[in-house]
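Residue-level listing of the chains:
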Amino acid sequence: MSLFKKIYHWIDVRIGSTEIVEKELTGYLLPKNINEWYSLGSVLLVIFALQVVTGMLLLVYYVPDADKAFKSVTYIMNEVPFGWLIRLCHAVGSNLMVFVLMLHMLSTLLMGSYKSPREMNWISGFVLFSLVQGISLTGYLAPWSQLSFWATTVATNSVTAVPLIGTGLVKFLRGGTLVGPATLGRFFALHVAIIPAVIAALIGAHLFFLKRTGVSTPPFGAKETQNNWEGKSYRYEFHPGGIPFFPNYALQDATSVSIYLAIFFALIFFAPTLFFTPDSFVPANPFKTPAHIKPEWYFLANYQTLKIFPSELIGLLVQVAAMTVLALLPFIDRTKERHPLKRPIFLTCAIGGILLWLGLTIWGHYS
Amino acid sequence: METQSRRKFLGSCLVGTAIAAVAAALYPLYRYLAPSQSGTGTAKVTFAATEVPEGEAKFFEYAGSTGVVVRTKGGLIALSAVCTHLGCIVQWEKDKQDFLCPCHAGRYTPEGTVISGPPPRPLPKLPLTQAEGKIIIG
Ligand code: HEM
Ligand code: FES
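Protein chains in written order, with the UniProt record's numbering: chain V, 1 to 367; chain U, 1 to 138.
This is chain V alone, in the form it adopts within the complex:
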């Protein structure tokens, strides 16, 4: 017996690892017609892990103080060996995380996997999406550049539209009347401690729900695309005769992660300034608003919506309504059919919604 096998045996007789492998990996069967889109969750886990690791590394040199933050980020970029790599991984990774989250949501949307009994998966995912937007918004202030400062000013300002308490709420968010050192303090705490902890916990919940309900059968390539669960008692969705998670689907996960990493590093090495504007290389100046201050691409639709309505309150309400519909979708759309082409009304609304979002984003970009 090789040394490796001896060690494995030593552990196995104590904790029964072979049994776990058989139950959770080689014996964990997935639907025969499972597709690539189901690997996006694993890609997201990898991205989150990379964000946490690169974030912790940035903390080695980053100083969360309004007088020193910009200098410390410049130092990371220009002086620390490979500091540029760590920072770009973190900044590019945050953008790609939002993008991959959108793909993940879109795939569960079009395949109808949000439907009963997977409402809890959808809702926990929706909250995760909002939290990732929150962590990006708070992280955006960290470099204390002109872009950071004014994007945060504009973003927090939209909260003033809330009736009665709006002004007070903005002041509370910012820790003062205007964005300033106090804002950096609270945003930094949210960004590195509070939101990451909540995200990690919610990822746990998201996976727990998946584990208890079982993976959904994709609506494609199967005769039966209806969901026949009656909703009367708990039922785990088994996939007898399906493909094992390990090695079969683990290979798909590894493939998707590799494709992701290829795109990720291609952006870092060949388009390092894609997510930066000239204002992100100028230290924050509270007395000088730069021209054309815009939020990040994934907030452009929200930004444009606020602008097109004559009253900020209406603009805000429209967004709240849209988000609520999306969050509660499994309770609104209660039909059992899951194949997108057999759900014409849903498909029309979905495509319309996506086009509307794209249109607003492009409009926001050029306005």
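Cβ-Cβ distance ranges computed for the label pairs, FRET-style: (1) U:A48 - V:E79: 31 to 37 Å; (2) V:V52 - U:S116: 48 to 54 Å; (3) U:T46 - V:T160: 55 to 61 Å; (4) U:E93 - V:A49: 54 to 60 Å; (5) U:F9 - V:A49: 30 to 36 Å; (6) V:A49 - U:K96: 55 to 61 Å; (7) V:V325 - U:I19: 45 to 51 Å; (8) U:I115 - V:G176: 55 to 61 Å; (9) V:M102 - U:L10: 33 to 39 Å; (10) U:E51 - V:A266: 54 to 60 Å; (11) V:P240 - U:R6: 31 to 37 Å.
Only pairs whose alpha carbons sit at most 30 Å apart, straight line, appear in this in silico BS3-like list of lysine-lysine: (12) U:K125 - U:K94; (13) V:K211 - V:K232; (14) V:K288 - V:K71; (15) U:K8 - V:K32; (16) V:K223 - V:K23; (17) V:K171 - V:K294; (18) U:K8 - V:K5; (19) V:K223 - V:K342; (20) V:K71 - U:K44; (21) V:K307 - V:K288; (22) U:K8 - V:K6; (23) V:K211 - V:K342; (24) V:K307 - V:K171; (25) V:K23 - U:K8; (26) V:K342 - V:K32.
Just so you know, these hints were derived from the structure itself, not from any lab.
Built from N, CA and C at the ideal position, the CB exists for glycine as well.
Position chain U with the ligands relative to chain V; hints supplied.
Coordinates of chain U with the ligands only, in the frame set by chain V:
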């Protein structure tokens, strides 16, 4: 046999690629965290001779560490101020005209020789020159 060796070959390619990827991640990580080289050079330290009157000592940074100059009746001496016991910084005791290490009460003469206490070796001397009213260390 054929497929066996093909399997082995592909397996080693995979392991090789994995090792290369890990190395490509670890090297930047090591460089990122390695202490910066600035501040540990042997740049000379210069100050006016009047800054160290007789019976007094002056502490300064030298080659990333701490040094001290004392002027006794015998003249100027530059020493490393790092105690040879466990590395605390020694203090100059003006009234006793000796060095005391506050950590475990090691005592040294102004020349760096151990008088009492746990230090195993004398304080190392630093190169010192004087020119035109200036003290130059290094
Ligand atoms: C899902 C996770 C995360 C996302 C989406 C995210 C997003 C961001 C964004 C958008 C920025 C601004 C980037 C820039 O323009 O430079 C940033 C900066 C930063 N983040 Fe994160 N982050 C995440 C997790 C973390 C974690 C877990 C930590 C630490 C434990 C962390 C620490 C930092 C630090 C120190 C900065 C400032 C340095 C810089 O601007 O490059 N982040 N983050
Ligand atoms: S360290 Fe100086 S006496 Fe122990």
